[in-house]
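If you're matching them up, the sequences are chains C and W in order.
Under our numbering, think of the first position of the first sequence as 1, with each following residue one higher.
Under our numbering, think of the first position of the second sequence as 114, with each following residue one higher.
Keep in mind that the hints were calculated from the coordinates and are not lab data.
Treat the hints with caution; some may be incorrect.
[As the list claims (entries may be wrong)] DSBU-like mimics (lysine-lysine), calculated; alpha carbons at most 30 Å apart, straight line:
hint, chain 1, residue 1, chain 2, residue 2
1, W, Lys182, W, Lys216
2, W, Lys116, W, Lys165
3, W, Lys208, C, Lys9
4, W, Lys220, C, Lys57
5, C, Lys57, W, Lys216
6, W, Lys165, C, Lys9
7, C, Lys9, C, Lys57
8, W, Lys116, W, Lys182
9, W, Lys216, W, Lys116
10, W, Lys182, W, Lys208
11, C, Lys9, W, Lys216
12, W, Lys182, W, Lys165
13, W, Lys165, W, Lys216
14, W, Lys208, W, Lys116
15, C, Lys57, W, Lys208
16, W, Lys208, W, Lys165
17, W, Lys165, C, Lys57
[Claimed, not checked] If you want the footprint, here are the derived chain C segments under chain W, 3+ residues with CB under 8 Å:
hint, segment
18, 38-47
19, 101-111
On a predicted model such as this, the values are computed, not experimentally measured, just so you know.
Glycine included, each C-beta is placed from N, C-alpha and C at the ideal position.
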Amino acid sequence: DSGVTQTPKHLITATGQRVTLRCSPRSGDLSVYWYQQSLDQGLQFLIQYYNGEERAKGNILERFSAQQFPDLHSELNLSSLELGDSALYFCASSVEAGRETQYFGPGTRLLVL
Amino acid sequence: DAKTTQPPSMDCAEGRAANLPCNHSTISGNEYVYWYRQIHSQGPQYIIHGLKNNETNEMASLIITEDRKSSTLILPHATLRDTAVYYCIVTDFNKFYFGSGTKLNVKP
Numbered sequence: 001d002s003g004v005t006q007t008p009k010h011l012i013t014a015t016g017q018r019v020t021l022r023c024s025p026r027s028g029d030l031s032v033y034w035y036q037q038s039l040d041q042g043l044q045f046l047i048q049y050y051n052g053e054e055r056a057k058g059n060i061l062e063r064f065s066a067q068q069f070p071d072l073h074s075e076l077n078l079s080s081l082e083l084g085d086s087a088l089y090f091c092a093s094s095v096e097a098g099r100e101t102q103y104f105g106p107g108t109r110l111l112v113l
Numbered sequence: 114d115a116k117t118t119q120p121p122s123m124d125c126a127e128g129r130a131a132n133l134p135c136n137h138s139t140i141s142g143n144e145y146v147y148w149y150r151q152i153h154s155q156g157p158q159y160i161i162h163g164l165k166n167n168e169t170n171e172m173a174s175l176i177i178t179e180d181r182k183s184s185t186l187i188l189p190h191a192t193l194r195d196t197a198v199y200y201c202i203v204t205d206f207n208k209f210y211f212g213s214g215t216k217l218n219v220k221p
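Hey, can you work out the whole structure from these sequences and the hints?
Here you go:
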């Protein structure tokens, strides 16, 4: 158990819909990262937040957005969902935003029908 | 975007050492080598990391060549529970790029 929690574990929705995935980092961690893992692709870095502010951006679509709240939990919002958005979404956290090891949560499995 | 090359799969007998290689010939001086593993579809699990010296912890050992262009992760006594995809990552901590990894099959 890494100490990172993610909800929900599973999510089934329809194309065109919007969903929100939630992540609570390890106690004391200030930085949160979001990753997407599709069946035919490896883990893709989406975005990083540090202490409430966006720190780095990866391959995140414009339909996706994220934020980190004052209590340091983070939410990933996915809108206008497409079939291809079906994937595992992982959150990771680290103490700082610099040279720190990332610890991953158990993930949210999203299925878009 | 991945800066590493790993064999797609490897087999290892239970109880034997598993040596997983990784090539990172374009690594720069401030980049670390990290290893994670992913069992089934669980969240990736941190194993070990290093900059230029060899490292050891309770899970594994990391051997980095002197020129830092390659490294080897060693699981000293593999068990069936070590069956997983192992990812070698080179990072300057701005982003972590996960490649395809090595699927390690530990066999009885």
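So, going through the hints one by one against the coordinates:
About 21 Å separates the Cα atoms of Lys182(W) and Lys216(W), which keeps this hinted pair within 30 Å; it holds. Taken as a hint, the Lys116(W) and Lys165(W) pair is honoured in the structure, with Cα atoms around 17 Å apart against an allowance of 30 Å. A hinted pair counts as satisfied when its Cα atoms are at most 30 Å apart, and Lys208(W) with Lys9(C) qualifies at roughly 25 Å. Taken as a hint, the Lys220(W) and Lys57(C) pair is broken in the structure, with Cα atoms around 40 Å apart against an allowance of 30 Å.
This hinted pair checks out: Lys57(C) and Lys216(W) have alpha carbons roughly 28 Å apart, not beyond 30 Å. For a cut-off of 30 Å, the pair hint linking Lys165(W) to Lys9(C) is broken: about 38 Å separates their Cα positions. Taking the CA atoms of Lys9(C) and Lys57(C), the gap is about 24 Å. The hint holds against a cut of 30 Å. Between Lys116(W) and Lys182(W), the direct Cα distance comes to roughly 11 Å. Compliance with the 30 Å bound is thereby established for this hinted pair.
A C-alpha spacing of about 18 Å is found between Lys216(W) and Lys116(W), which places the hinted pair at or below 30 Å, so the restraint holds. For the given pair, Lys182(W) sits about 19 Å from Lys208(W) by alpha-carbon distance, which is consistent with the 30 Å threshold. At most 30 Å may separate the alpha-carbon atoms for a hinted pair to count; Lys9(C) and Lys216(W) meet this at roughly 25 Å. Between Lys182(W) and Lys165(W) the CA atoms are separated by roughly 10 Å; this keeps the pair inside 30 Å, and the hint holds.
Between Lys165(W) and Lys216(W) the CA atoms are separated by roughly 25 Å; this keeps the pair inside 30 Å, and the hint holds. As the CA atoms of Lys208(W) and Lys116(W) are separated by approximately 12 Å, the hinted pair is consistent with the 30 Å bound. Between Lys57(C) and Lys208(W) the CA atoms are separated by roughly 9 Å; this keeps the pair inside 30 Å, and the hint holds. Restraint check for Lys208(W) and Lys165(W): satisfied, since their Cα atoms lie roughly 19 Å apart, inside the 30 Å limit.
For a cut-off of 30 Å, the pair hint linking Lys165(W) to Lys57(C) stands: about 28 Å separates their Cα positions. Counting residues of the segment 38-47 of chain C whose C-beta lies closer than 8 Å to any C-beta of chain W gives 4; at least three are required, and the coverage claim holds. Proximity of the segment 101-111 of chain C to chain W, defined as three or more residues with a beta carbon under 8 Å from a beta carbon of that chain, is established by the 8 residues found.
Checked against the numbered hints given earlier, the structure breaks hints 4, 6 and satisfies all the rest.
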